[in-house]
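> Respectively, the protein sequence lines represent chains A and B.
The opening position of the first sequence corresponds to residue 0 in numbering that gives the first Met the number 0, with each subsequent residue numbered one higher.
The opening position of the second sequence corresponds to residue 0 in numbering that gives the first Met the number 0, with each subsequent residue numbered one higher.
Please keep in mind that the hints were generated in silico from the structure rather than gathered at the bench.
Keep in mind that a hint or two might mislead.
Straight-line C-alpha distance at most 25 angstroms; calculated DMTMM-like pairs for lysine to aspartate or glutamate [to be verified]:
{"id": "1", "chain 1": "A", "residue 1": "785", "chain 2": "B", "residue 2": "203"}
{"id": "2", "chain 1": "B", "residue 1": "205", "chain 2": "A", "residue 2": "465"}
{"id": "3", "chain 1": "A", "residue 1": "501", "chain 2": "B", "residue 2": "87"}
{"id": "4", "chain 1": "A", "residue 1": "486", "chain 2": "A", "residue 2": "453"}
Which stretches of chain B does chain A cover? Using the computed rule of at least three CB atoms under 8 angstroms from a CB of chain A, they are [unchecked claim]:
{"id": "5", "stretch": "32-38"}
{"id": "6", "stretch": "223-230"}
Glycine is no exception: its CB is placed at the ideal position from the N, C-alpha and C atoms.
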Amino acid sequence: MKILLLPKSHTYIHSMAFFPLILILLTISPEGMAQRKHLKGRVVDGITGERIIDAQVIDLNNQSLTTTNDNGEFIIFSNQDELSLRVQHISYIKLDTTINLTVISQINIPLFPHNYELQDVTIQFRRSMERENSTIVSQRLDTRQLNSIPGLLGEKDIVKGLMLLPGVSMGSETSSSFHVRGGNPDQNLILIDGIPVYNISHLFGIYSVFIPEAIQEVELIKGGFPARYGGRLSSVCDIKMREGDRYGYKYDFSVGTISSKIVAEGPIIKDRSSFIISARRTYLDLITMPFQALAQEEDNYKQTLGGHFYDVVVKANHRINNRNNVFFSLYSGRDAIKAKTKETYPSDRSINESTLGLDWGNFTWILRLFSSFASSTYSNLSVSQSNYNYGINSNFTFKSPLEPNVSATNSYASGIVDWALRWDINHQFNNHLSINGGVHSILHLFSPGKVTQEYRGGSENLSSTEGTAFLAPETSAYSELSFSRDKLNLSAGLRFNAYFPKNTSYTFVEPRLAIAYRVNSWIGLKSGYSIMNQSILLLSSNGIGLPVDLWVPATSNVRPQRGVQYDFGFSVNPPHFQSVNISLVGYYKQMNNVVEIAGGMSLMQTATQWEKVVLQGMGESYGTEILIEKSVGKLTGWFAYTLSWNNRFFEALNQGKPFPYKYDNRHVVNIVATYKARPSIELTCAWSLQTGGTFSLPVGMYPGNPEFFPQGFYDLLSGNDVPFPDLLEYYPYRNNARMPSYHRLDIGANFTKKKSKGIRIWEVGIYNAYSQKNPYYLYWDVKDGKKVLRQFTLLPFLPSVTYRYKF
Amino acid sequence: MTKINLTKLFIILLTIVSSGCISDLEFDYPATPNLPVVNALLNPDSSISVNIYKLMGVSELSSELITDASVIIYENQGDSISLYLIGEGQYVAEHFPQAGQQYSIKVDVSGYGQISAVTTIPHTNPTISATLGSTWSYYSPPQYIDQIKAYPVLITLSPIENNNYLIFRLMAKRYGHYWSNDSIDTYEPIIPPRFDMVSLFSSDTKFTGVGQDTYYVLQNEHSSFQENFTLILWVSQFVWVTGFGDQGEHLFDTDLYLDVLTCSPDFYQYFRTYIINASERVNPFAEPIEVYSNIENGLGIFAGYSMQRILLNQR
Numbered sequence: 000m001k002i003l004l005l006p007k008s009h010t011y012i013h014s015m016a017f018f019p020l021i022l023i024l025l026t027i028s029p030e031g032m033a034q035r036k037h038l039k040g041r042v043v044d045g046i047t048g049e050r051i052i053d054a055q056v057i058d059l060n061n062q063s064l065t066t067t068n069d070n071g072e073f074i075i076f077s078n079q080d081e082l083s084l085r086v087q088h089i090s091y092i093k094l095d096t097t098i099n100l101t102v103i104s105q106i107n108i109p110l111f112p113h114n115y116e117l118q119d120v121t122i123q124f125r126r127s128m129e130r131e132n133s134t135i136v137s138q139r140l141d142t143r144q145l146n147s148i149p150g151l152l153g154e155k156d157i158v159k160g161l162m163l164l165p166g167v168s169m170g171s172e173t174s175s176s177f178h179v180r181g182g183n184p185d186q187n188l189i190l191i192d193g194i195p196v197y198n199i200s201h202l203f204g205i206y207s208v209f210i211p212e213a214i215q216e217v218e219l220i221k222g223g224f225p226a227r228y229g230g231r232l233s234s235v236c237d238i239k240m241r242e243g244d245r246y247g248y249k250y251d252f253s254v255g256t257i258s259s260k261i262v263a264e265g266p267i268i269k270d271r272s273s274f275i276i277s278a279r280r281t282y283l284d285l286i287t288m289p290f291q292a293l294a295q296e297e298d299n300y301k302q303t304l305g306g307h308f309y310d311v312v313v314k315a316n317h318r319i320n321n322r323n324n325v326f327f328s329l330y331s332g333r334d335a336i337k338a339k340t341k342e343t344y345p346s347d348r349s350i351n352e353s354t355l356g357l358d359w360g361n362f363t364w365i366l367r368l369f370s371s372f373a374s375s376t377y378s379n380l381s382v383s384q385s386n387y388n389y390g391i392n393s394n395f396t397f398k399s400p401l402e403p404n405v406s407a408t409n410s411y412a413s414g415i416v417d418w419a420l421r422w423d424i425n426h427q428f429n430n431h432l433s434i435n436g437g438v439h440s441i442l443h444l445f446s447p448g449k450v451t452q453e454y455r456g457g458s459e460n461l462s463s464t465e466g467t468a469f470l471a472p473e474t475s476a477y478s479e480l481s482f483s484r485d486k487l488n489l490s491a492g493l494r495f496n497a498y499f500p501k502n503t504s505y506t507f508v509e510p511r512l513a514i515a516y517r518v519n520s521w522i523g524l525k526s527g528y529s530i531m532n533q534s535i536l537l538l539s540s541n542g543i544g545l546p547v548d549l550w551v552p553a554t555s556n557v558r559p560q561r562g563v564q565y566d567f568g569f570s571v572n573p574p575h576f577q578s579v580n581i582s583l584v585g586y587y588k589q590m591n592n593v594v595e596i597a598g599g600m601s602l603m604q605t606a607t608q609w610e611k612v613v614l615q616g617m618g619e620s621y622g623t624e625i626l627i628e629k630s631v632g633k634l635t636g637w638f639a640y641t642l643s644w645n646n647r648f649f650e651a652l653n654q655g656k657p658f659p660y661k662y663d664n665r666h667v668v669n670i671v672a673t674y675k676a677r678p679s680i681e682l683t684c685a686w687s688l689q690t691g692g693t694f695s696l697p698v699g700m701y702p703g704n705p706e707f708f709p710q711g712f713y714d715l716l717s718g719n720d721v722p723f724p725d726l727l728e729y730y731p732y733r734n735n736a737r738m739p740s741y742h743r744l745d746i747g748a749n750f751t752k753k754k755s756k757g758i759r760i761w762e763v764g765i766y767n768a769y770s771q772k773n774p775y776y777l778y779w780d781v782k783d784g785k786k787v788l789r790q791f792t793l794l795p796f797l798p799s800v801t802y803r804y805k806f
Numbered sequence: 000m001t002k003i004n005l006t007k008l009f010i011i012l013l014t015i016v017s018s019g020c021i022s023d024l025e026f027d028y029p030a031t032p033n034l035p036v037v038n039a040l041l042n043p044d045s046s047i048s049v050n051i052y053k054l055m056g057v058s059e060l061s062s063e064l065i066t067d068a069s070v071i072i073y074e075n076q077g078d079s080i081s082l083y084l085i086g087e088g089q090y091v092a093e094h095f096p097q098a099g100q101q102y103s104i105k106v107d108v109s110g111y112g113q114i115s116a117v118t119t120i121p122h123t124n125p126t127i128s129a130t131l132g133s134t135w136s137y138y139s140p141p142q143y144i145d146q147i148k149a150y151p152v153l154i155t156l157s158p159i160e161n162n163n164y165l166i167f168r169l170m171a172k173r174y175g176h177y178w179s180n181d182s183i184d185t186y187e188p189i190i191p192p193r194f195d196m197v198s199l200f201s202s203d204t205k206f207t208g209v210g211q212d213t214y215y216v217l218q219n220e221h222s223s224f225q226e227n228f229t230l231i232l233w234v235s236q237f238v239w240v241t242g243f244g245d246q247g248e249h250l251f252d253t254d255l256y257l258d259v260l261t262c263s264p265d266f267y268q269y270f271r272t273y274i275i276n277a278s279e280r281v282n283p284f285a286e287p288i289e290v291y292s293n294i295e296n297g298l299g300i301f302a303g304y305s306m307q308r309i310l311l312n313q314r
């Protein structure tokens, strides 16, 4: 097992050899000097008029590739009068077209979604491969296909779809947090329209916060990170929300097993501005509340328990003029769980009431101005806020006609607020060379663990507050060159980051490189290298997905995390199977200063002194990912396989020896297949198999000291006695055993019917179709006087049905 | 088209869904290594006693005792004390160890290498005093998410010797509860005396509970006290110690004792990891903590401590 030590200096400067490379690129004689003509265009959704970001525009004559920017725009230079273009995006049907540049210099290119036949348009479906969709730097996902994957209790979930990709593994079954190439969940930068979201979990992780119907595009970057992204070690998940239909008003209702959703969209000023609003709320609490009230056996004692979550997404855009567009998007989502008891005493007419509540949520917004200055220069200026907080509140009141009223309140709160200002600029020199640059300033406000207590009773009024909030500014600047010519695509960048927590500062230089080389028409090579640093850390005291996690800053005592990653791979489009794409990627990643909580330390116990419970160590991860995908035809889907190793090394753990990471899943296989039986019937199945995670299994026991615990103790979850409390367990090393393999089949079917005023869809699904008893957790029990290991299965078999109507 | 019997289908689905979430896990347990276990906690109030076992398999019902060991303890690297077997793997000597002395143990058992360990017995805190406050206040224990009515325990201490640590616990004397013929409640002490632990909390950052445990307050690692200092601990107004029925008893209706353990570093590490290990066993998501051992070529503990018991309240 090999762990490489990284330098401990506060300033990290690596591979300055990148500078000569960048200089060489800059000195390439721009043949654009000789180009007299150009085509400026915008790629839009043919149905709704929404801009399509990151569509690929290929000049077939010169084999040069450009992608549309955040406004859906592109520019292509040419010496010729006629331009043969191919325009493609993973969620749309590819379009080939020829444009006469002597006549046209500006164009809107509409692309139509794959499921166009449900709409009132017909175009020729082109069966051709989607070979440009996956590169080493990113995996762009077809949201249509992700939406067809059956969800738990009918709730489609983008994040659960991400977990079916190679290199991505889930944590526990119910968790929304995911592990990319052996990284911790906090090492994933998850962006909604460019704003980081700190907690993506609803209902303790059973669902994620994203409403699939409001998402336009999901891009997952696992390596070879572009320099415009930073602040996390393992991945960037860039989710872009839809902008709303520019031509007409549309509504999409769905009623599911546990929640309902509505999406409304339309133009504000036709062809100039549009909006989309989507909202979702669960209603298990509304359904169960009356039954809970009926079930109360005692008149003098009432107890209720309820919980729900909601999400609201609002997005609007407006074209001010031909050069300037303004965008606004907002997300708000929250979970709340509340238990309430009320006890009345008829003898003295006094009332005892107590409530215990737990709530957490995100609130984010961004205002963005997109401008095009000269013919090939674009600017994106944005101001945004991201706010995540959670709280645990308890309240007790005592009311009596005979005695003074008493009320006591106790609350525990934690959160993080980011205010960010960002400016990105892009200039395209010619068809082959473009440069991106920008600055990004964030002011983090951390409040890890604020405890407030209040007591009011009679003449006594007591209150106390413990825990303080503090600021930590962070600024970064980057530059990135993209070069594309003939068979070579190259992106080289440099990111500079300065971070100023309390009483110290850190600066980082992060080189980035991604290269793709096409050997011939069906084989491509790709490679990536990146250094990432992470100045904010998530302290999580267990894997249960409870929001009792702290986002905290790196400080002089707790150092920033740092990662170095190398990728190399190739992709193949077999000549006789044009609809199939095969890719194989190998990677190696080192992580320094990864965090763990010292054993037995509770975050709630130490929230105001969290630095004392943090252990830091190193990690390494390496493996191979294979993806075979078929993206066109009646049968589409993919086969993904990951073989990986994932280890950790902490001086304070496992006697200072390396040990396998908890989620060291050696083999992960995912198969997703969607079959369009008829235009109106779509069948989907997704099968997952992964090697079980590791855990510490005792290999022996020996007597301890029963007088330390004369009372014994009870299991928190089951309430049973912990078996043999007087016996101590002996572990040869940490995580020395593996859980059983996890596997599950989900199946679903969508039945679509055109109605006079819209489209009706029945979505039927079964989660864990063959009811595999996957272990959620293991625990010890006693059977026939012997200690046995038992497993608890959480989600055995769950059918669901959802009714959806779009008009 | 075959007609589907919806009732049958519903029953099948219901059976599958309710087929139970808990099952035994078929597991190939790794072989148990052949390791000796030596347990001895030395303090000046008890004669020397050492227990010696073999490490047992996880599904075995009892420990295999080692009854053929030669056990010698050395006081201050000089005088040797030979221990003899009295049964159940227990070796004893009619000798009371003394505070301030160093002790080492050597155990010879055929089939194992030389088993040894070293420890010291610290002195008790010379000027300790503790009083139970009479005014309650709302207090929020770190282990709880709710608050309790609690009384303060004010403790004054002299400096703690280097490398030694303090551990506090609160004990309530247990009474038997009787109803006499004229329906008058009677409480009598249980004989021999029996004590139950009472939850104890600290609002001082240098002394905290560990794990899920609410009974012990431990001095934090790496904290040192060079001068006299005062510490405030908190105890709930109700304690659960009454003889029959396990009813909550008001604090001032019990005999309350504060135990102060002055520990050698070995005892402290063993005790701390033991408490975390035991208390975290109630949480299936927690990483298990290995209990500290200072036994060369074996497992277990050989460590010294001293204890003071202070009466806080008498019923």
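> None of the hints should be skipped; say for each whether it holds.
To see whether the hints hold, each was checked on the structure:
Proximity of residue 785/A to residue 203/B is assessed by CA-CA distance (about 42 angstroms); at most 25 angstroms being required, the pair is judged violated. Between residue 205/B and residue 465/A, the direct Cα distance comes to roughly 16 angstroms. Compliance with the 25 angstroms bound is thereby established for this hinted pair. Taking the CA atoms of residue 501/A and residue 87/B, the gap is about 58 angstroms. The hint is violated against a cut of 25 angstroms. Between the alpha carbons of residue 486/A and residue 453/A the distance comes to roughly 69 angstroms, so the proposed pair goes past 25 angstroms and is violated.
Note: the stretch 32-38 of chain B has 4 residues with beta-carbon separation from chain A under 8 angstroms; the three-residue rule is met and the coverage holds. By the rule of at least three residues with a Cβ nearer than 8 angstroms to a Cβ of chain A, the coverage given for the stretch 223-230 of chain B is violated, with 0 such residues.
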